[in-house]
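Each chain, written out:
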Amino acid sequence: EAGVTQSPTHLIKTRGQQATLRCSPISGHTSVYWYQQALGLGLQFLLWYDEGEERNRGNFPPRFSGRQFPNYSSELNVNALELEDSALYLCASSPGTRTIDQETQYFGPGTRLLVL
Amino acid sequence: AQSVTQLDSHVSVSEGTPVLLRCNYSSSYSPSLFWYVQHPNKGLQLLLKYTSAATLVKGINGFEAEFKKSETSFHLTKPSAHMSDAAEYFCVVSDGYGGATNKLIFGTGTLLAVQP
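Chain order of the listed sequences is B and E.
The opening position of the first sequence corresponds to residue 6 in my numbering, with each subsequent residue numbered one higher.
The opening position of the second sequence corresponds to residue -14 in my numbering, with each subsequent residue numbered one higher.
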């Protein structure tokens, strides 16, 4: 069974540009989560999507946004990039909210974003 | 609010000796707790999870953890360390009571070094 996949693996942008990161969940999972792992700040929750809707959002500015497609894959968009957005962005998936195992999240390998 | 505290930022052991990584949690209700491992430049891999069933939880690669409510602890152990165990380990609590938020709250991580 394929795990969570993310693309691209690495992304280099300059300040002010926009970045788009993509995630495909494990087959059968309807929930997708995004986390940021920045140096010195640890792992922080960004966004949660389930069945196409945003369910929860972490303490990040509105220029961090995303969406979930009908096939449950997801996109994270970061607008007006700042230097401090440089981080590893991890995507995770879990079974949907009406399942027993809804809290167990399985992570992808991440996208490393570097903002110059 | 849920939180976890990893008591050691770095732990060094010799190959073949026991591993103990300490974690305390704070929760206003019965929590779901996890341990994840992150090898260098990789995503997060689920080691084990506690979801109010047996208090001694067995995970992959010989790791196990014991939930102790009286001590609010969820320490990770392994009887005999292997060189491949060298990685960063995260103790995690789910903020998803009743599926309300489902976000994971991460500890600051413990870097495990294994000496030959």
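Derived by calculation from the structure, the hints in this document are not laboratory data.
Treat the hints with care, since some could be wrong.
Some chain B residues flagged as far from chain E (calculated, every beta-carbon gap over 12 Å) [claimed, not checked]:
1) 20
2) 48
3) 75
4) 95
Some chain E residues judged to face chain B by a derived CB distance under 10 Å, without partners named [to be verified]:
5) 34
6) 36
7) 39
8) 40
9) 41
10) 43
11) 45
12) 48
13) 53
14) 77
15) 79
This one's a predicted model, so the numbers in the text were calculated from it and none came from an experiment.
By construction, the Cβ of each residue, glycine as well, lies at the ideal position given by its N, Cα and C atoms.
Now the hints, each set against the structure:
{"no.": "1", "hint": "20", "result": "holds (25 Å)"}
{"no.": "2", "hint": "48", "result": "violated (4 Å)"}
{"no.": "3", "hint": "75", "result": "holds (21 Å)"}
{"no.": "4", "hint": "95", "result": "violated (6 Å)"}
{"no.": "5", "hint": "34", "result": "holds (6 Å)"}
{"no.": "6", "hint": "36", "result": "holds (7 Å)"}
{"no.": "7", "hint": "39", "result": "violated (16 Å)"}
{"no.": "8", "hint": "40", "result": "violated (18 Å)"}
{"no.": "9", "hint": "41", "result": "violated (18 Å)"}
{"no.": "10", "hint": "43", "result": "violated (15 Å)"}
{"no.": "11", "hint": "45", "result": "violated (13 Å)"}
{"no.": "12", "hint": "48", "result": "violated (16 Å)"}
{"no.": "13", "hint": "53", "result": "violated (20 Å)"}
{"no.": "14", "hint": "77", "result": "holds (8 Å)"}
{"no.": "15", "hint": "79", "result": "holds (4 Å)"}
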